[in-house]
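If you read the sequences in order, they're chains A and B.
Oh and the first sequence: position 104 is 108 in the numbering used here, straight run, nothing missing.
Oh and the second sequence: position 99 is 80 in the numbering used here, straight run, nothing missing.
Quick caveat, the hints were computed from the structure, so don't treat them as lab data.
Model, not experiment: these values are computed from the prediction.
All C-beta atoms in this analysis are idealised placements derived from N, C-alpha and C, irrespective of residue type, glycine included.
Check the hints yourself; a few may be wrong.
Claimed, not checked - Okay, the calculated bits of chain A under chain B, using three or more residues with CB under 8 Å as the criterion: (1) 59 to 73; (2) 214 to 222; (3) 326 to 338; (4) 361 to 374; (5) 501 to 512.
Said to hold, decoys possible - Subject to a maximum C-alpha distance of 20 Å in a straight line, what follows is the list of computed EDC-like cross-link-like pairs (lysine to aspartate or glutamate): (6) A:K401 to B:E60; (7) A:K314 to A:E416; (8) B:K104 to A:E382; (9) A:K384 to B:E60; (10) A:K384 to A:E474; (11) A:K177 to A:E416; (12) A:K425 to A:D440; (13) A:K425 to A:D446; (14) B:K104 to A:E416; (15) A:K288 to A:E382; (16) A:K437 to A:E365; (17) B:K104 to A:D446; (18) A:K425 to A:D441; (19) A:K401 to A:E382; (20) A:K470 to A:D170.
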Amino acid sequence: MNNGAADILLPPEFGIRYQNIEDGQKIGARSVVRKYDADVVIVGSGAGGAPAARRLTDAGFDVLILEEGELHTTESFSTDLIEQSLKLYRDAGSTMIAGRPPIIFTEGRCVGGSTVINGGMSWRTPDRVLDHWSRDLGLNETDPKSMEPYFDEAERILNVEFQNEDTLGMNDKLFVRGAKKLGWEVQDNPRNMKRCVGLNNCGIGCPTGAKQSMLVTEVPRALSAGARMVTSARATKVLFDGGRVSGIAGRFVTPLGRRLGRFEVRARLVVLAAGARFTPGILKRSWLRNPNIGSGLHTHPNAKVIGVFKDRIDPTRGTHQAHQIHHFLEEGLLFGYAAVQPGLLAATTPGFGEEHGRRMELYHHMLTAGVLVEDTGEGKVVMGPDLQPYMRFTLDKSDVEKVHLGVRLLAEQMFAAGAYKVFLPFAELPELKSVDDLGRIDARKHVRHDIELMTVHIMSSARMRKTAQEGVCDSAGRVHDTPGLAIADASVIPSSIGVNPMETIVALALRNADRWIDDLKRR
Amino acid sequence: MSVLRPYEGIYDVDVDARVLATMLRFVPHMAAPVRLSFPLGLLLVEFGAPFFGFGMTRFRSMNRARAISYLERIGRGAEPFRMLFDGLRVLVLVAFYQQPEILAALGVDWAPRAEELIARRAKLMNMEPSLANPRNAGVARADASRADDPTGTSS
Ligand SMILES: Cc1cc2nc3c(=O)[nH]c(=O)nc-3n(C[C@H](O)[C@H](O)[C@H](O)COP(=O)(O)OP(=O)(O)OC[C@H]3O[C@@H](n4cnc5c(N)ncnc54)[C@H](O)[C@@H]3O)c2cc1C
Ligand code: SF4
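When you get a sec, could you build the whole thing from the sequences and use the hints?
Right, dumping it as structure tokens:
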């Protein structure tokens, strides 16, 4: 994209300077062992790592951020799904969660982490979930009142806004119309953006700079306040000195993840913010013995329901999800919609070949809605033969029921909006031709094996609990019985939250960082 | 690939070589166990017909209809088979539907809108917020308090 000419007016994010960054690929020849010292080392620069880094830097600590991915700035973003996936996604977006059914999963591997490729939906943790954490789990100061200032601050950092009218696409209008006809309440979707213009490219990096991911907010802020960052640096193992954590070791890596030289960082505090898959992986590789590490994984399984309309919708116009439906949140169901590029849509809907191709021909007439399930089943992060973490998750019975209920309600919403047919995420019941067919969802055996699921939310794999018998960290994200080690990412979330998790992760990272600052000052 | 992609109507375009090339670009990025077991998986598809009740035949010698039902059977199989099938399916479909000819046939072209909207946002960000961003003009900004904010977006 030709954005470089000096006489062209460009959005402000195009001019961001990233100071104090070292590229691990340039310094990391295979024979190298590079040593660093810092007060605090933070592994990962996503939703948890970046705000924690800024907080600790602003408090006067010397902070070093290690990021396995590369720095890709706003100027480099394009609408090319393949190129962007290869650059920004872990495994180029080809990750699967094993189980019945297998779940397609994606996450970011770049400076800014998954916030660079996410949809920007910014929701507070529901009060009933916070009440559960504070009342039932006994986690100090996680009640709604105690968390409120952190959500306020997270929203300022993320610049949470609502969509302007000019960014709403036809898909949004139909989504809202269907819900209103059924008498369901519709929520304006708060998103972390600064004057979004509705390009709808959020999932592969926002080329306009509007989405206020960590790449354009807390990362540059932390760096300009004095934090340092090393990219292409994969942390692998926590280092110990006596009974205390003294640092972290790892390897510089290529964009394909192949190993280069080694590094070691000595620090007073090690903060893992590598996400809910890799953080437990690092803990396991460091021989921490707590059996809770990696268990309790939640995945917010997501099933797609596609309404097909006579009129052209043009899903390429209009922002990524301006509204959501929280009408069934108490039942553990959240509805949204998203228009994605044809390749992604094809991959996340069942089938293949001619039949599937005929459906894809209707691309411009499709409204792709999805149900996000607040899962009760629990999965696991386990180590693979290559010493990397992998995930297992099987839908439990109640989640299977929730998926079926959610799919039925969404299909009803699509017909109410005027769809003349609806595609379902069930290989053995792929299509409904009219509202009278809805009963076929109830009538079908509620099995899990043929459901097409995907997710972009994983959490709770090193969760906060009062004791090491119940969880991995305490109520401030400090790893139980392991002084000098803390966690600031989705893995600490105590239970499935049922809404998009970014803001919860940011708020918890800010809250917990305040407690670590007190600890560091005391020592 | 020839079983998983469609050929009829608007899809009657010879892009197989490029679909394969695109798929091969993904392979080195895959997690090691997946990457290493990928060729094994392909062998299993090629020679696995007897295990799925399709007799002593190779995948490549099946006609299209039979090959489709064979793949469907693998997809309904136990977890490793379902994962193998899903992985293959996803790879082929992403690579196929993102080919420029297929995007053109579907009438999808995101890039020109990107150019247009980058310019539009640049203009809006230079305007008075109450005009440029009427719904959010009063939102408190994290960077507004810092003159030295490096994100350059105080407004
Ligand atoms: C496509 C997509 C859409 C989404 N949409 C939304 C949404 O609209 N709203 C919402 O609330 N949430 C959304 N999410 C989820 C949200 O973005 C994530 O839950 C959140 O970013 C997770 O934060 P985290 O800090 O746990 O991990 P991440 O943000 O993923 O950051 C982890 C970072 O650690 C790095 N890392 C991993 N291992 C290592 C290692 N060993 N050494 C060094 N660095 C390492 C990674 O490269 C990555 O940069 C979406 C996610 C995706 C993928
Ligand atoms: S809809 Fe477009 S402009 Fe808005 S945040 Fe997403 S990619 Fe950026």
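**OP:** Measure nothing beyond the straight line between the CA atoms of K470 (chain A) and D170 (chain A); if it is 20 Å or shorter, mark the hint as holding.
**Re:** Violated: K470 (chain A) and D170 (chain A) sit about 48 Å apart, past 20 Å.
Original post:
Going straight from one Cα to the other, do K177 (chain A) and E416 (chain A) come out at no more than 20 Å?
Top reply: 16 Å, holds
Original post:
If you draw a straight line from the CA of K314 (chain A) to the CA of E416 (chain A), is it 20 Å or shorter?
Top reply: It holds: about 17 Å lies between the C-alpha atoms, which stays within 20 Å.
Original post:
Taken at face value, is the distance from the CA of E365 (chain A) to the CA of K437 (chain A) at most 20 Å?
Top reply: 17 Å, holds
**OP:** Assess, step by step, whether the Cα of K384 (chain A) is no farther than 20 Å from the Cα of E60 (chain B), and give holds or violated.
**Re:** 16 Å, holds
Original post:
Has the given pair, K104 (chain B) with E382 (chain A), been kept, meaning a C-alpha gap of at most 20 Å?
Top reply: This hinted pair is violated, its Cα atoms lying about 48 Å apart.
Subject >> Pair hint K425 (chain A) and D446 (chain A), alpha-carbon separation not exceeding 20 Å >> reply: Holds - the C-alpha atoms of D446 (chain A) and K425 (chain A) are around 17 Å apart, at most 20 Å.
**OP:** Could you grab the alpha-carbon distance between K401 (chain A) and E382 (chain A) and see if it respects the 20 Å cut-off?
**Re:** 12 Å, holds
Subject >> Given coverage of the region 326 to 338 of chain A by chain B, checked by CB-CB distance under 8 Å (3 or more) >> reply: With 0 residues in contact (Cβ-Cβ under 8 Å with chain B), the coverage given for the region 326 to 338 of chain A is violated.
Original post:
Holds or violated: are the alpha carbons of K425 (chain A) and D440 (chain A) at most 20 Å from each other?
Top reply: 11 Å, holds
**OP:** Three residues minimum, CB to CB under 8 Å: does the region 361 to 374 of chain A make the cut for coverage by chain B? Let me know.
**Re:** holds (count 6)
Subject >> Restraint check for K425 (chain A) with D441 (chain A), where alpha carbons must lie at most 20 Å apart >> reply: Cα-Cα ~10 Å, so holds.
In summary, the structure is inconsistent with hints 1, 3, 5, 8, 14, 17 and 20 from the numbered list given earlier, while agreeing with the others.
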